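Protein chains in written order, with our numbering: chain L, 1 to 788; chain X, 1001 to 1151.
Warning: the hint list may mix true and false statements.
[To be verified] Stretches of chain X that chain L covers, calculated by requiring three or more beta carbons in the stretch to come under 8 Å of a beta carbon on chain L:
hint, region
1, 1034-1042
2, 1053-1065
3, 1102-1116
[Said to hold, decoys possible] Capping the alpha-carbon separation at 25 Å, the derived lysine to any residue pairs in SDA-like fashion look like this:
hint, chain 1, residue 1, chain 2, residue 2
4, L, K575, X, V1054
5, L, K317, L, A248
6, L, K571, X, M1033
7, L, K229, X, V1054
8, X, K1035, L, N544
9, L, K593, X, M1033
10, L, K740, X, L1125
11, L, K575, X, G1071
12, L, K593, X, G1071
13, L, K593, X, V1027
14, L, K575, X, G1051
15, L, K317, X, M1033
16, L, K324, L, M308
17, L, K571, X, P1108
18, L, K276, X, V1075
19, L, K229, X, G1071
[What the hints assert, rightly or not] Examples of chain L residues lying across from chain X (beta carbon under 10 Å, computed):
hint, residue
20, T122
21, E236
22, A474
23, D478
24, L573
25, Q576
26, G585
27, I588
28, K593
29, A595
30, A752
Simulated from the structure, these hints should not be mistaken for laboratory data.
A quick note: this is a predicted structure, and the numbers were derived from the prediction, not measured.
Ideal Cβ placement from N, Cα and C applies to all residues, glycine included.
One letter stands for each residue in the lines below.
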Amino acid sequence: MSDSDILKEFLVESYENLDRLDRELVGLEKDPEDSAALGSIFRTIHTIKGTCGFLGFSKLEAVTHVGESLLSRLRDRQLKLTPEITTALLSMVDAVRQMLSQIEAAGQEGERDDSALIATLTRLQRVPEAPPKVELAPAPESISDAVVAPVSIGDILMQRAGVTQAEILLAVKLQKAGDPRHMGEILVEQGAARPADVVDALRIQQASRAQATAASESSIRVDVGLLDKVMNLVGELVLARNQILQFAYRMKDTSFLAASQRLNLITTELQEGVMKTRMQPIGNIWGQFPRTVRDVALACGKEVSIEMKGKETELDKTIIEAIKDPLTHLVRNSVDHGIELPADRVKAGKSGIGRLMLRAFHEGGQVNIEISDDGAGLNPERIRQKALDRGVITAEQAARMTEREIFNLIFLPGFSTAEAVTNVSGRGVGMDVVKTNVEKIGGTVDVQSSRGRGTAIRVKIPLTLAIIPALIVACGGDRYAIPQVSLLELVRLGPDQVRSGIEMVHGAPVHRLRGRLLPLLYLSRELQLAGAAEPQTQEEHAVNIVVLQADGRQFGLVVDDINDTEDIVVKPLRKQLKTVGTFAGSSIMGDGKIALILDVLGLAQRAGLVGEARDQAVIEKSGESAQTAGQKQTFLLFAGPGNSRMAIPLSALARLEQFPASQVEMSGRQWVTQYRGRILPLIRLHVALQERRNQSRALPALPAPGSEPLQVLVLNHDGRSFGLVVERILDIVEDRAEVKSAATRPAVLYSAVIGDRVTELLDIPAILQTASLALQTHTAVKFAEAAN
Amino acid sequence: MAATSQFCTFYLDKLLFGVELQRVQEVIRALEMTKVPLTPAVVSGLINLRGQIVTAVDLRRRLELDPRPLGLLAVNVVVRTEDGPVSLLVDEIGDVIEVGETTFEPPPATVSRSVQIMITGVHKLNHRLMHVLNTEKACQIGDSAGIAPCV
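Start from the sequences and build out the full structure, keeping to the hints where you can.
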């Protein structure tokens, strides 16, 4: 291995380690007691320090050395981790990173002055009030050596068998003086450790060594260029396979057919394998976000917690790299401009700590990445005004624009550098760059926002560099591929069914699919193919409908002919054709001809099928995820007294129970029952709903023996359980409970339309209050009676 | 001796055009073309160039010349551009010629503006003029060609 190879290896390894350092340091700040993380951080810095000493990078060594000393103080619990120390350590990581890139570019460290950083790190090392320092001068060196070896036997014994450090140091000294015995042997002979402990320790040591080697041997580094090449070759192989398969079916030679089938299977597996080699979980780039969020939040004086869902969502490496910067930008933006200052948040009734949520998931052959915050949201009026001021839109346009269109104005270049917009409305710095970068890889960016509740930015990225299953259809003599992921089903209307099967809604063709109207698009018309026949004149032909789904909307695409499903290699369209939103790419078919891949969403958008309505739905969805606008809630519906329809949020419900009437007992004026070893008060809804002055003073009777079992909702409130007796359980529904009107009686929050019917929403605390009030008055009376 | 450069020449509606030789990847006879609906007329379609999908540009239309007469099979001149190879459809391929700087002259102002950006200039040859084509500009189709971008 030459020097340059060693250097390269060192750089690659160090970069990886540094990325991990960022994460670990931020994690450590949250949980300063995590000694495993601290140990790992220490080892990383130690390794870098050691290697750069060996390679002769003295500046790098100097910085890492002070960093290491600081870390060792932390590890030995002489110092406590403070934000200041974390910041200093993070800036050390940055300095190391800068030096490494300098080394990578120029082969040497270059001129730089890190004395300020070194001074800070040295200053922070000073232990506040000199704690009793057990280990003396030689100790740190021997400890760090021990850390570099997988795990030293001495360490294990110290941790597990109560061997003191002095004893181990003595043993080390003996070994250095030429004692040929192992550490364990010396310790046992000195009576410092029991033989059994040493055996245990050895086993642990072996296990950890095996783990370390397994991790390093089970993966290798491969040049991405090579992977690209392999990927292209596999793409070609898939095409050749397709050609051979077609040929094999024509040949009708069984042995040839069998061989080609085998080729088919192997190719498919090979293709999957190669695809996988290029996939990386999105967590790889998210890993640095906690650090980003921390830094930005600290700089703005905010507190922000970051949550991540779908870290494991895999994306092609090239795409991961392409979206890294835009995503970082969006995250910074959310913290910087989206989330308000803690004081403002508290004023707005929110927790002082802002929430930033990252979510990634696959949907319809695309990867969705959502960055949402619970900040102030965008102010459409301000954006509209700004756009007018800057002359981006005309007054007439502004009046016509929907809220969503206005939000999307923030992606216009004109908005990018406007300082004022950043301050008043929230977003705007470099959003156009984000959009351009995402669109470069064929993705889209969309923003949704709700005033005071937050903003969600959704990035959609198609899987361009891929081999996908697709349905091949024919139209106007050419073939088109429809990605299988958008495909729902195929419907064929025979010549005699066409007249009744296709109806018109004010000129728009629809088909009744299982009782629901399915809007139809004619591919030939959408593509403006020559001789696109009018649907009315096609009656003598059968009609093929491909039922597709785009963004939650279904529609039927009428094509001339439906061929087969096939794996196709997606080749992105050249720039010249990118402006046509109807095609997602192109592919070479088995016969060497080219087929265009239809962009189902683009097609639907072009036809106006997907528009504002869909966005409404999306907002609802994302609102749910971000716990913001127009929440859908799950309700338990039940019949109350007089068969009135009532509901409680399902979240309030602990259990549904049925008690036979005979199990109900009386405690004072209160119905109770024995439930799981406790006494559960039962509140009868019709009693609770009565106005208090009408409440009968007579002792309530027990349910008549032999009457129907009681339907009881067991609810938990304020740490107390109680049962609510209702007439009948109706249903569990999900609804937004939007149309509200004021309550007409006590213990009811409001009336809303849930599941298309007017439903009263119960006010659980109020019910409890009436019930306990009744209880209290009763006891008061009792006391009064006793006093008399 | 003055610097010379080599040009791959071709004909379009009897006009002689030249493309710097190092920009030309290859010249192939007519290939089967796949139409791309909804694209401007200058895009003839896509061709399969040994597994690579290449956009074919009808250079006659691009340069605002008369459409190619029916029955005349176009020749593909595949040129390298920043955005990968693009095939230019021409009538007939000519010789590779070597010209010096002295014969070059920029296009006269009377050439229509939209075409002027694609023609760097002309070389005055013995019997005729050779138009030097700016391939990057000629292959730029989209916003620059006045097609409304999809919103």
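- Query: Taking 8 Å as the C-beta cutoff, is the stated coverage of the region 1053-1065 of chain X by chain L satisfied by three or more residues?
  - Reply: holds (count 4)
- Query: Is the Cα-Cα distance between K229/L and V1054/X 25 Å or less?
  - Reply: Status holds; Cα separation ~19 Å.
- Message: Using the nearest Cβ pair, does E236/L come within less than 10 Å of chain X?
- Response: holds, 5 Å
- Message: K593/L and M1033/X were given as a pair; does the straight-line alpha-carbon distance stay at or below 25 Å?
- Response: It holds: about 8 Å lies between the C-alpha atoms, which stays within 25 Å.
- Query: Taking only the CA atoms, is the gap from K276/L to V1075/X under or equal to 25 Å?
  - Reply: Not OK: K276/L and V1075/X at ~41 Å, beyond 25 Å, violated.
- Message: Hinted pair, alpha-carbon criterion (25 Å max): K317/L, M1033/X. Please report holds or violated.
- Response: violated, 33 Å
- Query: Given the hint that K229/L pairs with G1071/X, does the C-alpha gap stay at or below 25 Å?
  - Reply: Not OK: K229/L and G1071/X at ~40 Å, beyond 25 Å, violated.
- Message: Checking one constraint from the list: CA of K1035/X to CA of N544/L, max 25 Å. Satisfied?
- Response: Between K1035/X and N544/L the Cα gap is close to 22 Å, so the pair holds against 25 Å.
- Query: Keeping to a limit of 25 Å between CA atoms, is the pair of K575/L and V1054/X held or broken?
  - Reply: holds, 11 Å
- Holds or violated: is there a CB of chain X closer than 10 Å to the CB of A474/L? It is violated, given that the least Cβ distance between A474/L and chain X is near 13 Å, above 10 Å.
- Given the hinted pair K575/L and G1051/X, is their alpha-carbon gap at most 25 Å? Holds - the C-alpha atoms of G1051/X and K575/L are around 18 Å apart, at most 25 Å.
- Item | Hinted pair K575/L and G1071/X, Cα distance within 25 Å | Distance of about 30 Å is beyond 25 Å: violated.
Hint compliance for this structure: hints 3, 5, 10, 11, 15, 17, 18, 19, 20, 22, 30 are broken, all remaining hints hold.
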